[in-house]
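Number of protein chains: 2
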Amino acid sequence: MADGADIIDFSSNINPLGPPAGLKEVLIKSYDELISYPDIKYRELRENISAYLGCHSDEVMTGNGALEIINNVSLLFKRVVVFTPCFIEYIKRPEILGREVVRLRLDNDFKIDLGELNKALKEGDLLILGNPNNPTAKRIPEDMLYKIQSITKERNAFLLLDEAFYEFCPFDYDSIKLFHNAQNVCIIRAATKFFALPGIRLGYAYAKGDFVKRYNEIESPWSVNSFANAAARNIFKDVRYIENTREYIKKEREFLLTELSGIDYLKVFDSQVNFILIKLLKYDEDILFDKFLKNGILIRKASSFEGLDKSYIRIAVKDHDSNKRIVNCFKECV
Amino acid sequence: MADGADIIDFSSNINPLGPPAGLKEVLIKSYDELISYPDIKYRELRENISAYLGCHSDEVMTGNGALEIINNVSLLFKRVVVFTPCFIEYIKRPEILGREVVRLRLDNDFKIDLGELNKALKEGDLLILGNPNNPTAKRIPEDMLYKIQSITKERNAFLLLDEAFYEFCPFDYDSIKLFHNAQNVCIIRAATKFFALPGIRLGYAYAKGDFVKRYNEIESPWSVNSFANAAARNIFKDVRYIENTREYIKKEREFLLTELSGIDYLKVFDSQVNFILIKLLKYDEDILFDKFLKNGILIRKASSFEGLDKSYIRIAVKDHDSNKRIVNCFKECV
Chain A
1 MADGADIIDF
11 SSNINPLGPP
21 AGLKEVLIKS
31 YDELISYPDI
41 KYRELRENIS
51 AYLGCHSDEV
61 MTGNGALEII
71 NNVSLLFKRV
81 VVFTPCFIEY
91 IKRPEILGRE
101 VVRLRLDNDF
111 KIDLGELNKA
121 LKEGDLLILG
131 NPNNPTAKRI
141 PEDMLYKIQS
151 ITKERNAFLL
161 LDEAFYEFCP
171 FDYDSIKLFH
181 NAQNVCIIRA
191 ATKFFALPGI
201 RLGYAYAKGD
211 FVKRYNEIES
221 PWSVNSFANA
231 AARNIFKDVR
241 YIENTREYIK
251 KEREFLLTEL
261 SGIDYLKVFD
271 SQVNFILIKL
281 LKYDEDILFD
291 KFLKNGILIR
301 KASSFEGLDK
311 SYIRIAVKDH
321 DSNKRIVNCF
331 KECV
Chain B
1 MADGADIIDF
11 SSNINPLGPP
21 AGLKEVLIKS
31 YDELISYPDI
41 KYRELRENIS
51 AYLGCHSDEV
61 MTGNGALEII
71 NNVSLLFKRV
81 VVFTPCFIEY
91 IKRPEILGRE
101 VVRLRLDNDF
111 KIDLGELNKA
121 LKEGDLLILG
131 NPNNPTAKRI
141 PEDMLYKIQS
151 ITKERNAFLL
161 LDEAFYEFCP
171 FDYDSIKLFH
181 NAQNVCIIRA
191 ATKFFALPGI
201 RLGYAYAKGD
211 FVKRYNEIES
221 PWSVNSFANA
231 AARNIFKDVR
241 YIENTREYIK
251 KEREFLLTEL
261 SGIDYLKVFD
271 SQVNFILIKL
281 LKYDEDILFD
291 KFLKNGILIR
301 KASSFEGLDK
311 SYIRIAVKDH
321 DSNKRIVNCF
331 KECV
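Line by line, the protein sequences give chains A and B.
Note that full-length UniProt numbering numbers the first sequence so that position 267 is 267, with each residue one more than the last.
Note that full-length UniProt numbering numbers the second sequence so that position 91 is 91, with each residue one more than the last.
Hints are computed from structural coordinates only; laboratory data are not their basis.
The structure presented is a predicted model; accordingly, all values stated were derived computationally and were not measured.
Careful: at least some of the hints might be erroneous.
Copies of one chain are not kept apart here, so a pair can be met inside one copy or by any two copies together.
DSSO-like cross-link-like pairs, simulated, lysine-lysine; straight-line CA separation at most 30 Å [what the hints assert, rightly or not]:
id	residue 1	residue 2
1	K41	K294
2	K331	K153
3	K29	K92
4	K177	K111
5	K41	K301
6	K41	K310
7	K237	K251
8	K310	K213
9	K41	K291
10	K24	K41
11	K301	K213
12	K291	K208
13	K119	K147
14	K213	K147
15	K213	K122
16	K291	K29
17	K78	K177
One chain only, chain A, in its complex shape (with noise of 0.2 Å):
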């Protein structure tokens, strides 16, 4: 067994390019920063991230990690409607509020139905979608995603949407441009993953000024610390670190696809992201975990999200040589 220095992390959907260069050195010089209390309006932090988003300063909200963001949205409606599978705290954040969660359930090919959507959704309510979606890997398709918000407009509900992923998708369309027009609409963008710093704690979002006031007023002071403040100087404006990322993510994810694709116990469902979800035809997630953790890699079991059972796992896109073991491991291991 290899030992825990050894261990290829495939449980984890972060860049495998590591953070932008240049990075320390801005944080370095940002440590004096640490002794002041955090610009309690983050006027910097919000022009750095508007000017990356493309929207103004006074439509970006700031959290601790889009989970604060999260949780801070889930505060401002009593009922939450969510499909499952889904990133569990869109479940958990709101049901420790003490709001009412209604699950729905994404159909055989893990696609929203709006039908069921219209049956459930009511006036007031927040409907959380991961777009791209994790576990499943999928992004919502435009024209369902105009949709979708047609129906949360006509109910009066709110749609938040997490984009915590959105820069390794392929920019088929930016949900910022689409809704730059829509009241009913929060779209979380984040550092944690496509910049590979879930250490720093930066989450943002985008919605229209009303909602934003509406958010300050319950946002927690100070929650955004100094460097993921300092970072937001520097991460945003490296354009060919986010064009590097996004095309070796793609390049890899293909050859992921197409190695496992291959493999007869295998169901892989395809992926616009930086992570597979993954159908266990033989064997079960318990199986896989123990024999390719004994060959030095750490996969994600996955019936811990609600409407996943112990036959399915998820797996990251991580760099050429870690992807050629873990295919190797998936033909061999088991």
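Given chain A, work out where chain B should sit, using these hints.
Below, chain B alone, put in the same frame as chain A:
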């Protein structure tokens, strides 16, 4: 009028000596930890905190600053009782979470009236007290604190002590030792004020294991960033820095209390901490704020604290030169 860079900030109660030397190197060394999620159980962090607090690591709670702990603990109770004037977030965070907040008044000497507490506190309530209290600068005497805890215990209520300023005070007692057998007490401390790190967002608290378990169930995952985690390797071990700060603040606090007590339009309340509450016997906070700002000094208007009016201001204990400057300003600017 002084320009922005020249202004001495007496409104923010941060250790004037700055963070411990050596911290910068520890943070730089931790840079690569940014690319991993913080340990969801904060094992290393809890060990470092528990060694400092003198408790077991299972008795340590963590948060994105003391504020997140106040927030999370409030979530665990239906009704909150506070004594005003107090830190505004003891009222604001529970209300945002939909909790009922009962406000009692401190007496004319800003002491807790046990009779009032006895009348108001009900089964299952959360009592939040600052110790020392902001803005009144008073630490609760040991015998009084003991009585308060007895009352909360009798009522099956819970006591949350916010001791974010603990290290600045004379160590006449340590409430963690005092209540090491109490099941209904949680004691917050924080890196923010004493270690001069408001930008790093490191809050922590002590409670018995059963309560810590309840807290962990509702805590947002990864809310403490990787630099805050790394800082805890350094700051708590710097015994000389801790002693120097305590002596420095004691001397400067006494200097300010003595000098200001001789000024006829001020009623200066005694302080055991690194800030001082002052009642203006002439003028009001707006007049003083403007006059002082014109002389390069920022003071804290205190009417934003429920229970105080425009005749109160709060000032921090800062470095000796700054303290001399504010004393002169009280004597000459007004």
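message: Check the structure against each numbered hint from earlier and tell me which ones fail, lowest number first.
response: 2, 3, 12, 16
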